[in-house]
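As a plain string of letters, each chain reads:
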Amino acid sequence: MKTIFRSTAIAAAITFASLGAGFAGALSAQETRDRSVDPLYKLDPQTRYAVEILLDSARAAGLPYGLLESKALEGITKRASGREILTAVRRVHRTLIESRSALGPTATADELTAGANALRAGISTSELSRIAASRGNKSSLTVPLIVLSDLVRRGVARDTASLTINQLIQNGAADDDFLGLRHNVERDIVSGTDPGVALLSRARQLPTRGPPNAGPPNAGVRPEDAKF
Amino acid sequence: MARQKLPATAVAVSLALLTTGEHAVAQNASEMEARLNAGRAASRSSSLSPMDAMAVTPSLRYSSSNFRATTAGSAWLVGQRWQLGDAELSTEINTGSVNGIRAEIQTSASRIRVDQANLSQQLDLVGKLHLIRENSGMWLGSGIVKPLRIATVSNVNVSSGGIWTRYGPATIRASVTTFAFTRSAANDTASSGSAVAACPAAAQQSLGAEAAAVPMATSAASCRRESRVTDLEGGLRWEHRLMEVSLRGGQRFGHRFDVTPASRTWGSAHAAIWVSSQLAAVAGGGREPAQPTRGLPSRNFYSLGLMLAYWPIPRGAVLVESPANLVRAFEMRAAGVALQRVTARIGRVETVEIMGDFTDWAPVHLVRRGRDLWELLVPMGAGVHQINMRIDGGKWIAPPGFPSIRDDFDGEVGVVVIKPIVKS
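Chains A and B supply the protein sequences, listed in that same order.
Using the working numbering, the letters of the first sequence map in sequence onto residues 1 to 228.
Using the working numbering, the letters of the second sequence map in sequence onto residues 1001 to 1424.
Keep in mind that the hints were calculated from the coordinates and are not lab data.
Quick caveat, the model's predicted, so the values are computed rather than measured.
Be aware that a few hints might be false.
Just some of the chain B residues that point at chain A, by a computed CB distance under 10 Å [said to hold, decoys possible]:
#1 D1357
#2 A1362
#3 A1382
#4 G1383
#5 V1384
#6 Q1386
#7 N1388
#8 W1396
#9 P1400
#10 G1401
#11 P1403
#12 D1407
#13 F1409
Below 25 Å or equal to it, Euclidean Cα-Cα: the simulated DMTMM-like pairs (lysine to aspartate or glutamate) are [as the list claims (entries may be wrong)]:
#14 B:K1419 with A:D175
#15 B:K1419 with A:D177
#16 A:K42 with B:E1412
#17 A:K42 with B:D1408
All C-beta atoms, glycine included, are put in the ideal place defined by N, C-alpha and C.
Model the full assembly from the supplied sequences, consistent with the hints where possible.
Encoded structure:
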């Protein structure tokens, strides 16, 4: 009798463990399936409804609405609450509208995205407009705006950062110049240099490649700030 | 007397099951954790009277990337008096992972106090070699256990091996452990949980001619007998949001003198539900195996209580090595149209994951290609992309070397600009 009981107990334990493993695997597979079919399925109904309204609004306005959905998915994976996700998506939606207003209707989706990131980093729409006004007809603002957002996040004063980037655009700096500048400034900051000083110092070392556009010289830059 | 320690042991077992496991492996940051279990625990064994008492079990754990120390104690309320129970101090030193192989040495000094006359002290020294892959691993271990206050048992040689694997939130493990030791006293009834005797004379009295016919390496003068016990054990740990569940079961193999029918199989379950970030309701129950080296019989038990957890050093606040500093290089290079090869040089870690808009923010694992080289091909077309990485399941960070922005969720995200491939 005891043997029967023991065998039954062992069989039950093995079955339970197998079922547990199978259940966990099934959950994982189900999650992958659900995500590919309906990416926002993990949002609570209220948040999802509000996010979908924002998505529709962005789509109707011709904004890169994928960025909004991406932000919601990012929040889900990072285990943010529904309220935090909705706040973040609203912020992206608002900054995209402001970004297009500042950069103009001809701005590409990448530029709008970079502009929205810069606005969320604390750059004002007027500063963004000044930068847009100083760009060349063919030059993209994507990389300069990404570098601008990064510099502000690293502690460079917003005015200093935007004026410097603006000046470099006018000097015809290329994307690689901006990325190299960001890299060097980051290294200087890690070494203990003041972020603003590091930026101005490194920016002076960049060669002037000539104005990239036919726009007004030093557009949006105060004469006292045009140091290099 | 011996029964007094059982509730605390039961709680200690629940505590150990709740605070150990693969989820605690590969912490890069220094971390201090204090826990306090309090509740009701009961146990019942065939050789001892039933026990039911309040028990309190505090513990303190410090861990860093290569070192871990744990101290735990217990006290239980018997009648109107609190009695001090078990105590344990253990340390673990490991080499870190090199090509997925990690060596570690575990030491432990533990003490079980029943009363002044019944004190069990034990020293443990175990070495282990781990082979760790992305979601699975195996280990081989060997060591020695020295019982200090049990005259009936010599030093115990312990050999173990096991495997584990993860399926999503579940971790399954199986292990084989062999204990080899010499019994040297006349009677050893406590460890076997029955009247089975170690010496031939007593054995004959208790088991008759059948027992006497069993070959034993005994000598009449010292009454010694070689014993070998093998435990086959399996376990499942499942974590989902605020719930943690652990299941464990096993079977013991050995001679009838060492393994009585009552201690041949065991199984237990424990669960914790976190009701806040620092408070959990814990419950457990089942059957625990006998511990021959400690002189403890097998027993049934249950425990029910609350667990308080406190982290004096906040997780991640005091970093030995911050995850970003572990990354010696992180690069993305075009590997075709709309395809990027991600490579990272990160040593002494077990897993590296990335995610971004290009994966719809679903984490994907990089594949280890060498001692510290990780690699993955990801679909990523021209344009601006956002990317996060994490190491050993830690916090999502922006990959070093890339511009980064705040992510709106109290973190950072890297920004990657992929330029279109220009055909010459």
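Results for each hint:
1. D1357: holds (4 Å)
2. A1362: holds (6 Å)
3. A1382: holds (9 Å)
4. G1383: Status holds, d = 5 Å.
5. V1384: Holds, about 5 Å.
6. Q1386: This interface hint holds because 7 Å falls under the 10 Å limit.
7. N1388: This interface hint holds because 8 Å falls under the 10 Å limit.
8. W1396: holds (6 Å)
9. P1400: Constraint on P1400 of chain B satisfied, holds at 9 Å.
10. G1401: This hint holds: G1401 of chain B lies near chain A, its Cβ roughly 7 Å from the closest one there, short of 10 Å.
11. P1403: holds (4 Å)
12. D1407: Since the shortest Cβ distance to chain A is 7 Å, the answer is holds.
13. F1409: Status holds, d = 5 Å.
14. B:K1419 with A:D175: holds (10 Å)
15. B:K1419 with A:D177: Given that 25 Å is the threshold and the Cα spacing comes to 15 Å, the pair holds.
16. A:K42 with B:E1412: holds (22 Å)
17. A:K42 with B:D1408: holds (19 Å)
In summary, the structure agrees with every hint in the numbered list given earlier.
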